[in-house]
Structures are given as C-alpha cells and as structure tokens.
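Peer 1: Quick note, the sequences are listed as chains A and B, same order. With the numbering used here applied, the first sequence corresponds to residues 88 to 382, in that order. With the numbering used here applied, the second sequence corresponds to residues 276 to 554, in that order.
Incorrect hints may have been included.
Unchecked claim - Below are the DSSO-like pairs computed for lysine-lysine, each with C-alpha atoms no more than 30 Å apart in a straight line:
| id | chain 1 | residue 1 | chain 2 | residue 2 |
| --- | --- | --- | --- | --- |
| 1 | B | K289 | A | K188 |
| 2 | A | K96 | B | K378 |
| 3 | A | K219 | A | K97 |
| 4 | A | K239 | A | K219 |
| 5 | B | K316 | A | K215 |
| 6 | A | K196 | A | K215 |
| 7 | A | K347 | A | K138 |
| 8 | A | K192 | B | K497 |
| 9 | A | K97 | B | K289 |
| 10 | A | K97 | A | K162 |
| 11 | B | K316 | B | K337 |
| 12 | B | K497 | A | K138 |
| 13 | A | K219 | B | K378 |
Hint data in this document are derived by calculation from the structure and do not stem from the laboratory.
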Amino acid sequence: MHRYSLDYKKQRTIIIITFIMIPVAMLVIFSFLPLVRMFYYSFTDWNGLSKNIENVGWDNYIKIFTDPTYFSVFKVSLYYFGASFVQLAIALYFATVLNFKLPGKGFFKGMLFFPYLINGVAIGFIFKHFFKVDGTLDMFLQMLGLGSWIHKWIGNPQIINFSLAATSVWRYMGFNFIIFLGTIQSVPGELYEAAEIDGANRWHQFRYIIWPSIRRIIELNLLLAINGAISVFEIPYIMTGGANGSNTFVIQTINTAFEKNDFGIATAMGIILLVIVVAVALAQRLLFRESEVEA
Amino acid sequence: MEHRVKYTASAVFKYITLVLAVIAVVVPIVVVFIASFKTNKEYLNSGTLELPQSFTNFENFKYAFIDGKMMIGYLNTILILAVALIGTLLLGSMVAYAINRFKFKGRNVLLFLFLTAMLIPPITTQITTFQIVRFFGLYNTRWAPIVLFMGTDIISIYIFLRFMESISRSIDESAMIDGASYFRIYWNLILPLMAPAITTVIIIKGVAIYNDFYIPQLYMPKAELSVVSTALYRFQGPYGRRWEIISAGIVITIVPVLLAFMSLQRYFYNGFTQGSIKS
Numbered sequence: 088m089h090r091y092s093l094d095y096k097k098q099r100t101i102i103i104i105t106f107i108m109i110p111v112a113m114l115v116i117f118s119f120l121p122l123v124r125m126f127y128y129s130f131t132d133w134n135g136l137s138k139n140i141e142n143v144g145w146d147n148y149i150k151i152f153t154d155p156t157y158f159s160v161f162k163v164s165l166y167y168f169g170a171s172f173v174q175l176a177i178a179l180y181f182a183t184v185l186n187f188k189l190p191g192k193g194f195f196k197g198m199l200f201f202p203y204l205i206n207g208v209a210i211g212f213i214f215k216h217f218f219k220v221d222g223t224l225d226m227f228l229q230m231l232g233l234g235s236w237i238h239k240w241i242g243n244p245q246i247i248n249f250s251l252a253a254t255s256v257w258r259y260m261g262f263n264f265i266i267f268l269g270t271i272q273s274v275p276g277e278l279y280e281a282a283e284i285d286g287a288n289r290w291h292q293f294r295y296i297i298w299p300s301i302r303r304i305i306e307l308n309l310l311l312a313i314n315g316a317i318s319v320f321e322i323p324y325i326m327t328g329g330a331n332g333s334n335t336f337v338i339q340t341i342n343t344a345f346e347k348n349d350f351g352i353a354t355a356m357g358i359i360l361l362v363i364v365v366a367v368a369l370a371q372r373l374l375f376r377e378s379e380v381e382a
Numbered sequence: 276m277e278h279r280v281k282y283t284a285s286a287v288f289k290y291i292t293l294v295l296a297v298i299a300v301v302v303p304i305v306v307v308f309i310a311s312f313k314t315n316k317e318y319l320n321s322g323t324l325e326l327p328q329s330f331t332n333f334e335n336f337k338y339a340f341i342d343g344k345m346m347i348g349y350l351n352t353i354l355i356l357a358v359a360l361i362g363t364l365l366l367g368s369m370v371a372y373a374i375n376r377f378k379f380k381g382r383n384v385l386l387f388l389f390l391t392a393m394l395i396p397p398i399t400t401q402i403t404t405f406q407i408v409r410f411f412g413l414y415n416t417r418w419a420p421i422v423l424f425m426g427t428d429i430i431s432i433y434i435f436l437r438f439m440e441s442i443s444r445s446i447d448e449s450a451m452i453d454g455a456s457y458f459r460i461y462w463n464l465i466l467p468l469m470a471p472a473i474t475t476v477i478i479i480k481g482v483a484i485y486n487d488f489y490i491p492q493l494y495m496p497k498a499e500l501s502v503v504s505t506a507l508y509r510f511q512g513p514y515g516r517r518w519e520i521i522s523a524g525i526v527i528t529i530v531p532v533l534l535a536f537m538s539l540q541r542y543f544y545n546g547f548t549q550g551s552i553k554s
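Isolated chain B (complex conformation):
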C-alpha cells in the first residue's frame, strides 16, 4: 500500500517534469509560428502569445519565399542534398566494399587515414580548405558544398564498414561459384543488403546537409546560390526588425523536417543511435 502511494507521487512528479520539458521545447517555437501569421502592425501591437487575427494570412510566407529567396534556397538545397547524398552513398559503400572484402597492401594505412580524418574538426580547416576550393574553381558554385559534403564524409564510410562486417562472406562465395563478377556482387548483392546502413546514412547525412550553415555561407555568397539556411540567415539584414517575416522563414525551414520526422520517426531514432556509437 505504502508502495502504491509512493509510485503515484513519483508518477505525478514525472509527468510534471515531462510537461515542463514539452513546454520548454514548444513555447519558443509556437510563439514564432503565431507571429508568422500576423501583419506587421498586428505583430507590433499584440502580445507574443496572442493569436493572430487570421491563420490564413500567408503574406509573410509569400514574402519569405519570393523576396526572401527561400524558394531558391529550397531548390538549391534539394539539388545539393540529392547529388551529395547519392555521391556519399556510392563512394562510401564502394570504399567499404573494397576495404572489407579484399586484403591488399596499404589497406590498414588507408583505414587508419580515414579514421584519423574523422578527428579533424572541419570548421577550423575551412581556413585552408577555402584556398583549395578556390583553386579548383568551385568557389561560388553548387559544387563547393557538394564536393565538401562528399569528400569530408568519413562517418558514412565508417557506418558502411561496420555494417559490411555483418554481411556473411558466404554470399560472395556462392555468387562467385555462379561466376558473378565482383562488381555484380557489390551492385546486386551487397548494396541491397546494405539497405539499413544506407537508411542510417541518408538520415544522418540528410539532416546534416539540410541544416548545414557555414559551408554554404562561406563558399556560396552569391544570392542565387542561397540554400535554406543561408537564405534564412540573410533575413537579418533587410528584415532585421520584421519579426513576422523572419518567423515565416523559420516556420518554412522547420516544417519539412517536422513532417519527415513524424512520418519516419523510427528511422530517425535508429539512424541517430546507430550512427553515433563510435567506439
């Protein structure tokens, strides 16, 4: 009996803390959501938590999409995301296949180099990477982020390597008895079996690229090359005091991620838990 009482008391406490946490997460976002439907006048004359006169006032969104270049930002982000992801998946799985399935000279050195590269904090090496990107004529082109997202992505190679260890070699061997080439084995057998690892990489990498700010900011200052995050960042200048427009930009940025997360929750959790267990 005494136990029961204790448990209910602790259950109440648990729910209070959970609800407080939800409030802490939701309030800063909801406030922005509310503001995004207000006119400028309304925004200046109403309380933060006061609801807008109408939830069908899409003026701010129109502004953010067209004048604020969020539309262009989306197109660029999708383009960069698609190319960089496909590149990462192909290159990463190919290296992992070669390293995992063949014992060749320099294999351990290679492995060591990839693992060491994981330690280099990319933000600091940008100082000298910048010269190199310029040298290749990639500055102010979409190729700069694409190449950097692909070339400096060691984590996905690591995820592929770990996963490939769990794929039995007897699969390769029986395919070889049938006379399949190594490329066929990689393409028709190994790659499809890697689906869970591929999902993990798509989620982790996709979120990272969609949210990345500094690489596009540094390498693509041209306005037509805005991505979602840099387009939003540039709201600061012209709309510095127009919080209702900035809010619309924020909402536009968050909604796709929210929808993806709600429909693919399980994959997000799995992806981030698996992708982070490093040692």
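Okay, chain A solo, but in the shape it has when bound:
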C-alpha cells in the first residue's frame, strides 16, 4: 500500500507535466503572445518588415476614431446588428412552432438548421448568384410581376448592406433556432398538458411557459449580437471584398495589415475590437451570473 501511494505521487507529477505541457505552450505561443505583441505594436508605426520601429503613443488609436476611412466602417456593423434582431425573432418563432407535435417536424427542423453547416465561401457564392443582376432574386420578382422592385442588390451602396446582412441571417438563423428549440424542449411536457387542462391557448403557453424558459438565452444572444456585428467578416469579404460601402471593421483591419502594411493601425484596430468583445463578455458575466444565482 505504501509503495503504491509513493508511486502515484511520482506518477501524478509526470502526468500533470506531460499532459499540460503542449497545450499550455500552444496557448502561450498562439493566443497570448500574439495578444501581447498586438498591444505593443498598436503604439508603434511598424510596417511589418522594417527594423526601426518608432513609438507613436496613442496616435494610431486617435487616427482610427477621427479619420472617417477607419471610423465609417463602424456604421456597417449597425446593419448586421439590426439584422440579428430579425434573426433572433425568426429563430424564436420557428423554435416555438416546432416545439409542438407536427407532421414533418424532423424535416423542417433539418431544413432550417442546414444552412448553418454550409461552407462560408459556398454561401458567399450562392448569394452572389442570388443577388446578381438577372440572378435568382430578379427572376423571382419578375415571375411574380414585381419587376419594378428589381434593384442592383449588391451593386448599389444604398442597398448592399441590407443584402449582405440578409445573407448573414440566412446563414446563422438555424443555429439560434436549434439552441432555442433545445432550451424550450427542456421544459417538462406535463407543464403544457397542465396548462391545456386549465384552458390555456397557444399564446398563453408561449407567454407563460416558453417565454420565461427562454428569456435569458434571448437576452444573452442579443448581447452577443454586438460581438457578432462588430466581427462580421466572411460574407462581405467573399461576396464583395468590402467594395461598394460594405467594408467591415475586420476586413478593414486585415487589409490595413496585409495590404497596406500598416501594422501599427491594424493592431490598434485589433485591440479596439478586443476591448469591445471583452466588455460585452464582462457585461454578460455581470448581468447573467448574478441573476442566475438569484433564480
């Protein structure tokens, strides 16, 4: 017995060190080191190559918030932020509908969820094809006799962000839907039965059973929509490359770094994004952790 416990002590040390070493090394090298370097470069004028790096203080940050070429991209986020409300509303509606027994339920559930699994590049191209001049959407409008509604969906800077945000809704709605459905279904079925016996209709069931069970998740998702809106990247990058006023904060950051080689500004933009994301996460913690303890 004594021999074993000694053995286990030694084993324990070996296991802890060997099991943790590689992931910790990777965490430091690929998560925290880039972060530290980002902080450092955000106060410099580094161009990505040059050996002499000048410290410029807060200049990069000031430039981002004053120069319209950088600042204007924040406006584009608002389209996606607005769209996420639509997205959550649609997801909630279908989660509620498909919570109840319904012929073809599995089929509808799969259909609504599937877009979330599709490759982003494929989605970008599908919707380029959908929105292009004489594309699918225009054809459809013509078929319905609504030819006068036809616009340059991704050619017109006034409309482009609506088209792209709609694509984003198409892509991500299924994910919210599945999460909502999972949450609603965790409500025990007897509750609905009891409610029905008490004469509650579907609206009452939604208002008094479904809504309370799902409210927190919706609030959480609304909060996270801020992060989603500010980090929009793939859809506009693939569909337009950020042209026609569809440039987003992340595309701008990436281009500033890898095309303009202005690493000082790009890293400062990265830090700003990080600050926003962390602020949202902290808000989430404050708002949700505490109230969960109460409940």
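The hints should help you fit chain B onto chain A, whose structure is shown.
Peer 2: Only chain B this time, still in chain A's reference frame:
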C-alpha cells in the same frame, strides 16, 4: 368548437410560414444545383429555374475537380482535418483530465488562462500570429492550419472539462485499488467514457475546420495547398463569369456536409446544442 377552428387556422398559418422558410432555404441552393449541370451556352441562354438538358452532364464537375483543384482541396482538407482533430481530442482530453482530477499549484491560474483565451477573437490576432507562424517556418505548409486549429481550440477543452466533472471519481479510485497507473486510468477508463463529449467535439470542430476559410487563405497561398474552401474561393478569378463551373464547385462543397448531416442528424443537433451552452 370555436377552439378547433382557431387551431386549424393557426395550423394553416404555421405551415405557410414553414413552407416559406423551406423555400427561402432551398431555392438559392437548388438554383446553383441546376446550373451546375448546364453547359456554358445553356447557362447563358436559359432561365435560372429552367432545368438542364441533362443531369448527366458532369463536365463542370470534372473541371472543378481537376482544373479548379477541388480534388487537391479535398485531400488537403481531409489530411488537415484528421491530424487537427486527433490532436485536439488527445490534447484537450489530456488537459481536462489533469485539471479535473488533480489539484496542483497554478491549476486555477491555468483554468483562468484557458477561459480568458476563449474571449480573444482569433481573426484579429491573426495580424501578429502571422509573424509567429512565419517564425516557426510553418508558413505555406499544412502545419500552419493544423497547429492553429489545435493550439487555439479552447472550446473543446471546455467541453471535456465539463463532461469530466460528471464522471465519478470512484471509477478512478477502484482502478487504483487494482493498481492501474494514472495513464491507464486516463486511456482505458476515462477516454472511453468521454465518447459523448468526443462526438460533440468531432462534430463542432469538424464542421469548423471543414468550413474555415481565412486561416488557409492567409497561411497557405500556394495552389497545391488549397483546401476545399480556398480552392472554391479561387474560382472567382479564372472562372469569374463561368457560373456553371462555380456552381459545380459549390455543389461539390455542400454534398459531403449534407450527407454527413442526413446520416448523423441527432449527433449534429446534440453537438451544437451542448457545445454552445457556455455559461
């Protein structure tokens, strides 16, 4: 009676909205599917919803696979996916085992670091990660995405940690009475019990890696290192106006995911619901 009428009316409304949603999901995809079987001439001279003359015209697919490098893309994706997944599963479950089963100095710090790292939006740190990947000589090799998919994957560690909490310690203890080593306990007992968590990670991670675009785009510009998504992205240049070929590329990209989803639906739903409940 009045109730019955109301319910049918609402049932009709429900089905109308469901059918509209299905149309909204399906039409953009079906249109591409139809186009992928058309010849260039046919594509230019026919309506979007007009069916192709034959569904056995695989020319566009051949083009996409060979000239469009989708074939190479598939091989690279499978290779990267396999190595990165195995790495993630091993490393993630090992860390989770060490953190969950042993109380050691720095354990809480470690946990804190992993959880904080989850907040860092990876797309922005690419600016400086790029220098580091270059420094290690991984630029333009398959190791760049493999290492990044493994190294920055905190979510799977988190999933493993949560799941391991539900595995009773009495299992470890009784194995210790039999004299099993800690490694044996991890490998022969804990790991098999983690099967549901492993499935979750495989699904979430698998979809994420298969669909990832920016990491391969940034780190592997070499054409022979195309993965599915970057191979497809590169269709834009040479085939910019050849929508029938692009469509074939899109179909090729979607079909494997569709098949996986149809055969493993339940696991997909479970995986994404469990993997996302963070707090």
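Peer 1: None of the hints should be skipped; say for each whether it holds.
Peer 2: Taking the hints in turn, this is what the structure says about them:
no.	hint	in the structure
1	K289(B) with K188(A)	holds, 12 Å
2	K96(A) with K378(B)	holds, 12 Å
3	K219(A) with K97(A)	violated, 66 Å
4	K239(A) with K219(A)	holds, 7 Å
5	K316(B) with K215(A)	holds, 20 Å
6	K196(A) with K215(A)	holds, 26 Å
7	K347(A) with K138(A)	holds, 17 Å
8	K192(A) with K497(B)	violated, 45 Å
9	K97(A) with K289(B)	violated, 64 Å
10	K97(A) with K162(A)	violated, 58 Å
11	K316(B) with K337(B)	holds, 17 Å
12	K497(B) with K138(A)	holds, 27 Å
13	K219(A) with K378(B)	violated, 59 Å
In this structure, the earlier hints numbered 3, 8, 9, 10, 13 are contradicted, and the remaining ones agree with it.
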